[in-house]
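Enquirer: So the protein sequences, as listed, match chains A and B. When you line the first sequence up against the working numbering, it's residues 1 to 442, in that order. When you line the second sequence up against the working numbering, it's residues 1 to 442, in that order.
Don't read these hints as lab results, they were simulated from the structure. Among the clues, some could well be false.
Here are the simulated EDC-like cross-link-like pairs (lysine to aspartate or glutamate), alpha carbons at most 20 Å apart as the crow flies [to be verified]: (1) A/Lys208 <-> A/Glu228; (2) A/Lys115 <-> A/Asp243; (3) A/Lys406 <-> B/Glu412; (4) B/Lys360 <-> A/Glu61; (5) A/Lys241 <-> A/Glu76; (6) A/Lys411 <-> B/Glu318; (7) B/Lys360 <-> A/Asp58; (8) A/Lys406 <-> B/Glu318; (9) A/Lys115 <-> A/Asp134; (10) B/Lys249 <-> B/Glu76; (11) A/Lys411 <-> B/Asp264; (12) A/Lys249 <-> A/Glu98; (13) B/Lys253 <-> B/Asp264; (14) B/Lys411 <-> A/Glu318.
2 protein chains.
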Amino acid sequence: LTRIVIVGFQSAGLTAAAAARLYNREAEITVVERRTYATYHPCGLPFVLGGEVPNIRDLVETTPRLPGVNVRLGVEAKAIDTQEKMLEVQDLRTLQVEKIPYDRLILATGSQALKPPIPGIDLGNVFCLRTVEDGQRILAALSRSRRAVVVGAGPIGVEAASALRERGLEVVLVEMQPAVLPGMLDPDMAAGVAERLAKAGIRVLCSKAVKELRGEGEVSSVVLEGEEIPADLVIMAIGVKPDVELAVKAGLKLGPTRMIAVDDHLRTSDPDIFAIGDCAEARCLITGRPLRSQLATTAIRMGRVAGVNAAGGDEVFEGVLNAVVTMASGLEVASVGLTATAASEAGFETSTARVRCLTKPHYFPGAGPMTIKLVAERKGQRILGGQVIGDGAAGRANLLALAIRKGMTAKELSQIDYCYAPPVSDSIEPLVVAAEALLRRR
Amino acid sequence: LTRIVIVGFQSAGLTAAAAARLYNREAEITVVERRTYATYHPCGLPFVLGGEVPNIRDLVETTPRLPGVNVRLGVEAKAIDTQEKMLEVQDLRTLQVEKIPYDRLILATGSQALKPPIPGIDLGNVFCLRTVEDGQRILAALSRSRRAVVVGAGPIGVEAASALRERGLEVVLVEMQPAVLPGMLDPDMAAGVAERLAKAGIRVLCSKAVKELRGEGEVSSVVLEGEEIPADLVIMAIGVKPDVELAVKAGLKLGPTRMIAVDDHLRTSDPDIFAIGDCAEARCLITGRPLRSQLATTAIRMGRVAGVNAAGGDEVFEGVLNAVVTMASGLEVASVGLTATAASEAGFETSTARVRCLTKPHYFPGAGPMTIKLVAERKGQRILGGQVIGDGAAGRANLLALAIRKGMTAKELSQIDYCYAPPVSDSIEPLVVAAEALLRRR
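The shape of chain A in the complex, shown without the other chains (with noise of 0.2 Å):
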């Protein structure tokens, strides 16, 4: 009998529970939460904003359906006993501390929004957009607010943006990189999602760091450099910082990034704690280095691996190439890979094209126009990356992972077998078109 024990319940943490419980059936699994709500769906945050989502409790689940799995909510991890094997937990309603012996450990501790410390940054209205509290407190907040100010041009940002813009605020989208979607886009690329933006009524201004965010009790204003813009809403989207507390309390090991390190069974640097989602370093699949993935998808893709190798399985998580979908003003945006910047960056010599196509035949209503940037090696064409932008982008990205997994070339790439039918795709397939654009590169 195998005692498994996870911290955590949010996608890396469920997963893992399932795939243990598929695994072992006489594994006894316990999973401790902090929240008092079972799990819920952050990327779902930006949709209530817009109001696409009516109701911010369709995100949650309240309670946990998962048959076999121990789930305590309101449960707080506070300190691992690793001689002992012991889990130290607080009940957050009875404040009573308990030990939990285990055999295996999964940390699904997740990530916190990223508050920079400037001046002003407690101030009221300034919320960040990762729990379903944020966005409660935001949605109380729209009916007061006429000017809302947005920091950080990630996906979480734009999609921010765009949803305060939806709902009639005057928008002004702040970022610190010289263009949009830094971490998916290369500049080029970015320019028609600004475009985008600015078309929706979105001023959005690239190359500025926020200073100093102004007010008596409530934000009134952020400061950037030689510039002062009038906010009463204000939301800070620059990023995740990962819940390691815990781990280094325990003395498990950070790798580069300043995550858990694991190895590609997703083992600590303690062999019987495994780490997964958005607290454990990832690597990437291509360049074989440590990145901060902090995806859903890599969430969910970890927990199955550790949850299988917890129940006494032997899993292997390759790594991620990040394949990533935003909805930038109903513009759909998707990346994979390594952007034309991060292959330079990485040592790669570099081929890339750019082409323009129709996302239907252009006799056909609703055809549109699709963006694809592809990113190959120079020598022999390799594909690296790929950036879409138009409907359909996610299949484009998702069909170009699987290509640069299969470490697939640009000639390889213009020979696919794909389907065609007027109200669904054009007779020349997109992908097809940029992997021809990158051939004569050659």
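Given the coordinates of chain A, assemble chain B onto it according to the supplied hints.
Expert: Showing chain B alone in chain A's frame:
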């Protein structure tokens, strides 16, 4: 200087001309095409009938836009002198005959709609749906028609039936096989499509052969075994027959499917003559067996290879997986590789899994069902085929096409990277769910 002559200016011929032009700046390229307009988009015809495409003229490209290629419209190829390497052609307006010398000849003669030799087939208001003229005739007949029978429930038949129903006609769809979309789907998956068609008000009759069409001058009923269905409009959509007359007269070999036999460079039995598109035999990438592909995408892919080879290159056409998508009364249906039925016929021992997921998170408006069936080899679980129904089916089939081409197993498919954002997809990719279901079959 190479003289390349191409017969036929649809998907295959057009692509071959363009590819040859790109590959060899010196080549002299001539295309002869019987039609008086350049190309048209036959796959768009059902959507003209349904009204989504407002004008049938939108499907026609009246003038060829291919710089550096001499396209001769209204000119019919009559005979090939393989000894002298001359193509005999006739101008259909002047009736003048001439001989065009070639170094390489590419046959892209296409196919014609199949008309079964049953009584009444030549009655008025009995149509095929293949050419622009077919479309125009049906459009003209629509206003005076009330009851339609569509014979053949392949993609075109299903789309035509959906279109006529959309226009308000009473529609009966008759299929000889036991289920709709027989080449694309196994019967268990076809049931869902038949249900959707029925819901749209189409009467679907399977396992029924048409014996006779009755009427005086114009059709008034369709006679099946044991049933006579009143009809004032009939569309025959039972398939196409390859146009191989020119090739046969020239002594070129046909393959077991009675299409022009070609090698992996798309050369016919005469090494200076290539054949591509609907008239040329394709090969299944999985079984290696000859098959009738007759898809626009196959024509395009073949055109590229033959165009380059005719111009002095060395490209291989590896075969097809027959990725197909169709719309059944608004339902997206896609298929790739082998169905379970086809896999068994090809001698595979198979393992299959069918799952039902959502296209988006349950809380997101517009989330709809997606059904996926995967077919794998029982041993080792190499993926052989997939059938997908629901929004985004085509993208999944494209991804499966790549997985099949790369010889991926269910295990590998369960580990893919994919994108997630609530407006676009759920946090667990349906293909992963399907792959995991297959894994549990081991």
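Enquirer: Take a quick look at whether A/Lys249 and A/Glu98 sit within 20 Å of each other, Cα to Cα.
Expert: Holds. A/Lys249 to A/Glu98 sits at ~18 Å (cutoff 20 Å).
Enquirer: Assess, step by step, whether the Cα of A/Lys115 is no farther than 20 Å from the Cα of A/Asp243, and give holds or violated.
Expert: Measuring from Cα to Cα gives roughly 14 Å; hence the hint holds.
Enquirer: Tell me if the straight-line CA distance from B/Lys411 to A/Glu318 falls inside 20 Å.
Expert: The hint holds at about 13 Å.
Enquirer: Would the pair B/Lys360 and A/Glu61 pass a check requiring their Cα atoms to be no farther apart than 20 Å?
Expert: Satisfied, since the Cα-Cα distance of roughly 16 Å is no more than 20 Å.
Enquirer: Check the hint pairing A/Lys411 with B/Glu318 against an upper bound of 20 Å on the C-alpha distance.
Expert: Since the Cα atoms of A/Lys411 and B/Glu318 sit roughly 13 Å apart, the hinted pair holds (cutoff 20 Å).
Enquirer: Taking only the CA atoms, is the gap from A/Lys208 to A/Glu228 under or equal to 20 Å?
Expert: Holds, at roughly 12 Å.
Enquirer: Need the status of pair B/Lys249, B/Glu76: alpha-carbon distance at most 20 Å?
Expert: 15 Å, holds
Enquirer: Would the pair A/Lys406 and B/Glu412 pass a check requiring their Cα atoms to be no farther apart than 20 Å?
Expert: Distance of about 11 Å is within 20 Å: holds.
Enquirer: Holds or violated: are the alpha carbons of A/Lys115 and A/Asp134 at most 20 Å from each other?
Expert: 13 Å, holds
Enquirer: Just to be careful, I want the Cα atoms of A/Lys411 and B/Asp264 compared with a cutoff of 20 Å; is the pair within it?
Expert: 17 Å, holds
Enquirer: Straight-line Cα separation of A/Lys241 and A/Glu76 no greater than 20 Å?
Expert: This hinted pair holds, its Cα atoms lying about 19 Å apart.
Enquirer: Is the hinted pair B/Lys253 and B/Asp264 satisfied, with a Cα-Cα distance of at most 20 Å?
Expert: 15 Å, holds
The structure shown violates none of the earlier numbered hints.
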